[in-house]
Every structure is written in structure tokens, then in C-alpha cells.
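Undergrad: Each chain, written out:
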Amino acid sequence: MLPFTYALRNLFRDPARLLQTVGGSAIVVLLLIAAVAMNQGMDSVLSASGSPNNVILLAKGSEESLERSEVSLDAESAAATSISDITTKLGVAAVSGEITYQAPIRTATGKEEQALLRGVLEKALLVHTSVRLLDGNFPSPGEVMVGNLTHRKLGVPEEELSVGKNIYFGDTAMRISGRFTAPGTVLESEIWFDRNDLAILTQRDSLSSIIVRMNGKSTDEADLFTFQRNDLELAAIREDKYYEKLSIFYQPIQIMTWVTAALVVAGAVFGGLNTLYAAFASRIKEMATLQSIGFSRKALFTSLIQESLLATLTGTLIAFILAYFLLDGRTVPFSIGTFTLTMTPSVILTGLFAGILLGTIGTLPPAIRCLLPSLPKALRSN
Amino acid sequence: MKLTTILKTSTLALITTLALSSCGDDKKTTDTTTSSETTTDEKDEAQTISLDAFIMKDAPADTLDISAMRKTASPGDPVSFDGKIIGGKKVFVRNFAVMTVGDPKKLTSCDLKGGDCENCGTPWDVCCDDPDEIKANIVTVQIADDNGKPVKTGLKGFNGLKELSEVVISGTVAKGSNKDNMIINATGIYVKTP
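Going line by line, the protein sequences match chains E and P. Heads up: the first sequence runs through residues 1 to 382, numbered per this note's numbering. Heads up: the second sequence runs through residues 1 to 194, numbered per this note's numbering.
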């Protein structure tokens, strides 16, 4: 075997090429891990947003969109009294009739952006158990409570949505009474209104949905209620299944991300091949000389792979460091919430795997071409 | 010596990056569970009760259509009517003896629409009919226990019952039924066309 230092020293024979290989692989790996982190972040926020214990009662025919659904106000009390196995806290049934609405919201500085609004009463906290008040209090009439990541959805600095400030729904000013967190869920990007306020502002006399928290994970009791109350025209769907269905809606975006990443990787592989063909072509005589003094083709091939891997893995390491500082923990707003980019072990492994692939697959054809000629022919080559 | 130092530094940096990144992996709420847990829980809730006593060997005479029955019957009345298991995306409740029966003369199920209805989720859905028509021409049929609560056994598969089956039901109109919503406590089910 050739000493490892041979491969290492060869790297620095052409600093420009080294820079190109390291930089190229760093960019490819960075883009790839960004794509994986983005897809995982979106999947993760959608899967964490729904609880298997919660059942959403919504209008028949609107099972795929809470915003389109219209449920009679009477259905809330009917559900609370008719469905058995509902969780109760201090004698109060965990049933929350809610209004879900998307509308532009203006901040005090005049910035206007689409926001997710939820009209709730205090009972909402019995069903959305991940919600924790960080600051201030639950909204009373004329007030709203904002999620910890709402500022990202609105594209404004966090201070603009601090407790005591106003936001505007049309011309109506609403005072921010509190700030809440609901880690890893879409709720964290929402603005919670007093339910009656939102009903008046949106001129509706119905709810969007009723969320029922069950002791178990079965929807049978809720299904039974919808069958026995055909007049209410309700359908029951488990909350986690609802968000699972929503994630199908976002699949085209995720596929596009993968396609883009794949194109970048393909471009990098072909670019790398080109560079390495040129680099190895000039070393055919050198390889032949090494063969003539006793090194086998296998040893030379291993050395070339080592050399290439050293460059691409250095690039991979740089990509990881950049990703850690530039991507990890970043929040990305999308239509129904905000997700966080996280460098999970699977993201890191994908990057590492890509780095190894770049270093090996990209090297194979030029290395084979360099070592394939017979020794006399290779020694005579220019 | 130099090589060893470079290798050590690179390895240390890679390990540090991996370790730091894995720290942020616990950001999901604890509320989610696996589907296998769900299946187990749901199975636990199911109970088996024999429904054989509710099978009718022959169809009763003088049956009504659902639309006619809905106009005249009141809670407590004995009724016999023809119908088809149609009326929504779901027409059976999995672990309860409850199903939706619709009037096939008034409602057209998706299987008969021949692609004319875009919203069809299932062949037994009637989503393209007028919502008021649907409400007026379906009934909920249940097999109830002594307390009037549906027994905890699914009806699907019982005596060949399935979606789109044509049935004749005998029973009484349940307490609490009204002009907008009718529940029938079945005493007999005859399956015309399984």
C-alpha cells in the first residue's frame, strides 16, 4: 500500500483544484442537508401538531379544510353532553368550539401579512395541551394572544408583537394580551382571538370545528355521535390524521426540494468528474512509474480514492459547521405555520453519506481511466 | 506527526458537529404516539355481542320507503322500511351496532354517478345530492341494549351486511328523534342484496 501521506501531499499539489473540490462538495452537502432538514422540519411540525387523543368534529364535506367548515354553535354543547369518554378537568369537559380563519393582519409599523387566526374560549387550553402561556394572560374581548413564532409568520421583529402592543384586523385594533408557546406545532404561529370577537370580525355565526379531547385514542364514540346526530351534518376525524392528510398537500413542495437537491448533486458529480479526469490524466505516467517500482494497481487506486475522499470529507465537515451556524434552529414560515430546521442525526448521516459518495463515485471513472493503460503504454504517455 | 495532528483535529471536529447537532432532536411534543399503540387501544375497546337474534329470515310485508316513513313516524312508533346502506363517506361505526340507511329512490350513491361527481370519497357517499334531501332521506339504524345505548359490536360483515347492501329494517323510532334526525332501534334486519 502507498503511504497515506502520499495521498495527503498530492492534495496540495494543486491548491486551486483542492479549493474547487472542497468548496464544491461543501456546497453540495450543505444544500442536501438543507433540503433534508426542510422536509423533516415540515413533516415534524405537521405530525406533532395533531394529538391522537383529540378528535375534530367538522362539517361533512369539509374534512380536508378547517377553514371551509361550518359547524352549528349548538353542536358544541351537544357534543359535550353526548360523547362519552371525553376527558374532564375539574368537572369541565374538554370540548372546544373554535373558529379558524386566515386573514391579513397589520402590525403597528404597518406591515401586513396573512396570518392564521383562531377564535377560542378558555376551554381551548383543555384540548390544546401543548400550549403554555409565556407572558401576559389569555385574551379577553378586544385582545389577542400571539404564538411564540407568529412574528416569523408575519415577518416582523419579535418586539413588534410584545404584550401590550396592538395589531390590526382591518381597521380594528386588538391589544396583545399574552404570548404562548406550543413547541413544535403549527399553533405556535397562530394568533388566538376571543371567539366572539373573531365571530363578529369575520361576520359568521357558526364555528369552524369542535375539538374534543378523548381519554383514549379511538374515534368510535365521536363517530357514534355524528351518526346519531345526522341533523348536525358532522364528520369526525382524529386530529393527528387530519394533519397527516394535510402533509400530503405539501408533498409537491417536498418533491420539488428533492428534485432541486438531486439536480445540484448531479451537477456537482459531473463537475467533479470533469475536474478529476483532467487532474488524473496528467498523472498517468506518475502512476505507471509507481507501478514499475512495485506498487499494485489496487494500491494506487486506493490512494486515489483516499485523496478524493479527504477533499470531499473536508468539504462535508465545512458544510456541517456552516449548517450548524446558519441553519440549525432557523424557523421557516409556510402557509399554515412555521417549522424549525434541525440538524438531526439522520440529517447529518445523509450529509456524511453524500460526502462519501461524492468522494468515491466521482473518483471511480477517472481513476479507472488513469490506471487502465498497460504499463509500457502508460510510461510512454505524455 | 503532522498527519496525525490533522487527522485528530478533523475527527474531533466531525464528532463535535455530530454531537452538537443531535442535541436539537427532541423538539416534538410528547403527545404523538405510534400507530401500533393506536391499534392496540382500539382493539381493546371492542366487545363481541351476538347479533343473531336480529336476523330476519323473511322480509316483513307492508314496508315503507324511508322518505315516507320520515314524514309520518314519531318516537316510539313501530316501523318497517326498505333502504340501502348509503348516506355518507362512512356508513358504519366500527365498534358500535350503528349504520346509516338511505332511501335509494331519493338519493343517488356515488357508484351510480359514473364519474359525474367530483367530491365522491366512497361509492356509498351521496355527497352530490342536495344536503336537505340527504337529511330528509336517511336514518340511523342501531341495535340498542336495554338502556337504549348501541351495543358495542360493529354491524359491518354481520349476516353479509356491507356498504351498498339493500336491507329491510323492522324496529321502533328511538326517543329523541325529530323531523330533522331519526334514529331507529332495530329489532330485525333482513338483507335483500348483500
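Think of the hints as simulated: they come from the structure by calculation, not from any bench. Computed from a predicted model, the values in this text were never measured in an experiment. Take these hints with a grain of salt, some might be off.
As the list claims (entries may be wrong) - Think about it this way: if two alpha-carbon atoms lie no more than 25 Å apart in a straight line, the pair counts; the simulated DMTMM-like pairs of lysine to aspartate or glutamate are:
| # | chain 1 | residue 1 | chain 2 | residue 2 |
| --- | --- | --- | --- | --- |
| 1 | P | Lys89 | E | Glu113 |
| 2 | E | Lys60 | P | Glu163 |
| 3 | E | Lys245 | E | Glu70 |
| 4 | E | Lys241 | P | Glu118 |
| 5 | E | Lys245 | P | Glu118 |
| 6 | P | Lys105 | E | Glu70 |
| 7 | P | Lys149 | E | Asp74 |
| 8 | E | Lys60 | P | Asp132 |
| 9 | P | Lys71 | E | Asp231 |
| 10 | P | Lys135 | E | Glu113 |
| 11 | E | Lys60 | E | Asp171 |
Unchecked claim - Stretches of chain P that chain E covers, calculated by requiring three or more beta carbons in the stretch to come under 8 Å of a beta carbon on chain E:
| # | region |
| --- | --- |
| 12 | 94-100 |
| 13 | 123-137 |
In this text, a Cβ means the ideal position worked out from N, Cα and C, and glycines have one as well.
Undergrad: Look at each hint and say if it fits the structure.
TA: Against the structure, the hints:
| no. | hint | in the structure |
| --- | --- | --- |
| 1 | Lys89(P) <-> Glu113(E) | violated, 37 Å |
| 2 | Lys60(E) <-> Glu163(P) | holds, 18 Å |
| 3 | Lys245(E) <-> Glu70(E) | holds, 19 Å |
| 4 | Lys241(E) <-> Glu118(P) | holds, 22 Å |
| 5 | Lys245(E) <-> Glu118(P) | holds, 18 Å |
| 6 | Lys105(P) <-> Glu70(E) | violated, 29 Å |
| 7 | Lys149(P) <-> Asp74(E) | holds, 22 Å |
| 8 | Lys60(E) <-> Asp132(P) | holds, 13 Å |
| 9 | Lys71(P) <-> Asp231(E) | holds, 15 Å |
| 10 | Lys135(P) <-> Glu113(E) | violated, 40 Å |
| 11 | Lys60(E) <-> Asp171(E) | violated, 34 Å |
| 12 | 94-100 | holds (count 6) |
| 13 | 123-137 | holds (count 3) |
Going down the numbered hints, you'll see the structure goes against 1, 6, 10 and 11, while the others check out.
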